[in-house]
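Full structure from sequences and hints, please.
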Amino acid sequence: MARILLAESNRAIREFIAGILAEFGHDVRACENGVDASVWLATSSVDVLVTDMVLHGDQGLILSKHCAERGIPTVTLTGREFHADQPQSDQPPTLLEKPFRFSDLQRVLSAVENPQPTAVLRGGASSAA
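Going by numbering that gives the first Met the number 0, 4 is the number at position 5 of the sequence shown; the sequence numbering is gapless.
Treat the hints with care, as some may be off.
To be verified - Computed Cβ-Cβ distance ranges for the label pairs, DEER-style:
| id | residue 1 | residue 2 | range |
| --- | --- | --- | --- |
| 1 | T42 | K97 | 23 to 31 angstroms |
| 2 | E22 | K97 | 16 to 24 angstroms |
| 3 | E68 | R2 | 15 to 23 angstroms |
| 4 | R106 | T42 | 24 to 32 angstroms |
| 5 | A67 | V34 | 13 to 21 angstroms |
| 6 | G70 | A11 | 30 to 38 angstroms |
| 7 | G70 | R28 | 16 to 24 angstroms |
| 8 | T42 | G78 | 26 to 34 angstroms |
| 9 | A110 | R69 | 18 to 26 angstroms |
| 10 | G24 | D57 | 25 to 33 angstroms |
| 11 | A67 | K97 | 16 to 24 angstroms |
Source of the hints: derived by calculation from the structure; they are not laboratory data. Here the structure is a predicted model, which is why all the values come from computation and not from measurement. Think of the CB as a built atom: it goes at the ideal place given N, C-alpha and C, for glycine as much as any other residue.
Structure below.
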């Protein structure tokens with residue numbers, strides 16, 4: 000499975016998502032902010048970044064863009080709601096809205112290996128983060 004870097008500022012959410020990803024068979028490194036994630040990326044390789052959009056300020060978006068520039072697929076998690084009329088430039092390439100089902104996260108992780116056009120996936124209420 001994938002080597003995943005998870006960046007999530009909320010400790011409880013970070014540990015919960017990391018545990019589920021590990022149960023899916025992924026090798027997960029969890030960081031609490033964009034600075035720690037960037038340090039990890041400077042010294043290690045990952046297959047996928049999973050990051051909260053906000054982290055502290057806009058660190059999540061900056062981290063997503065940095066990884067995209069390096070060719071690292073990114074899944075960005077957010078509690079913000081995006082509307083179809085918002086410019087595509089305001090959205091990261093792969094966006095998963097909270098709350099989400101872990102089956103949706105696994106589907107998105109599988110999809111980043113075979114990139115598709117930008118999509119906003121709306122989460123469900125059960126088995127959610």
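Comparing the hints with the structure gives:
Between T42 and K97, the C-beta spacing of about 29 angstroms keeps the proposed range 23 to 31 angstroms intact. Between E22 and K97, the C-beta spacing of about 19 angstroms keeps the proposed range 16 to 24 angstroms intact. Between E68 and R2, the C-beta spacing of about 19 angstroms keeps the proposed range 15 to 23 angstroms intact. Distance hint check: the CB atoms of R106 and T42 are about 30 angstroms apart, consistent with the given range 24 to 32 angstroms.
Checking the proposed 13 to 21 angstroms range against A67 and V34 shows it holds: the Cβ atoms sit about 18 angstroms from each other. The beta-carbon spacing between G70 and A11, approximately 32 angstroms, falls within the hinted interval of 30 to 38 angstroms. Between G70 and R28 the beta carbons are some 18 angstroms apart, a value that agrees with the proposed interval 16 to 24 angstroms. Range check, T42 to G78: Cβ separation about 30 angstroms, and the 26 to 34 angstroms hint holds.
Distance hint for A110 and R69: a CB-CB separation of about 19 angstroms, consistent with the stated range 18 to 26 angstroms. The given range of 25 to 33 angstroms is respected by G24 and D57, whose C-beta atoms sit roughly 32 angstroms from each other. Roughly 21 angstroms separates the CB atoms of A67 and K97, a value that falls within the hinted 16 to 24 angstroms.
Checked against the numbered hints given earlier, this structure breaks none of them.
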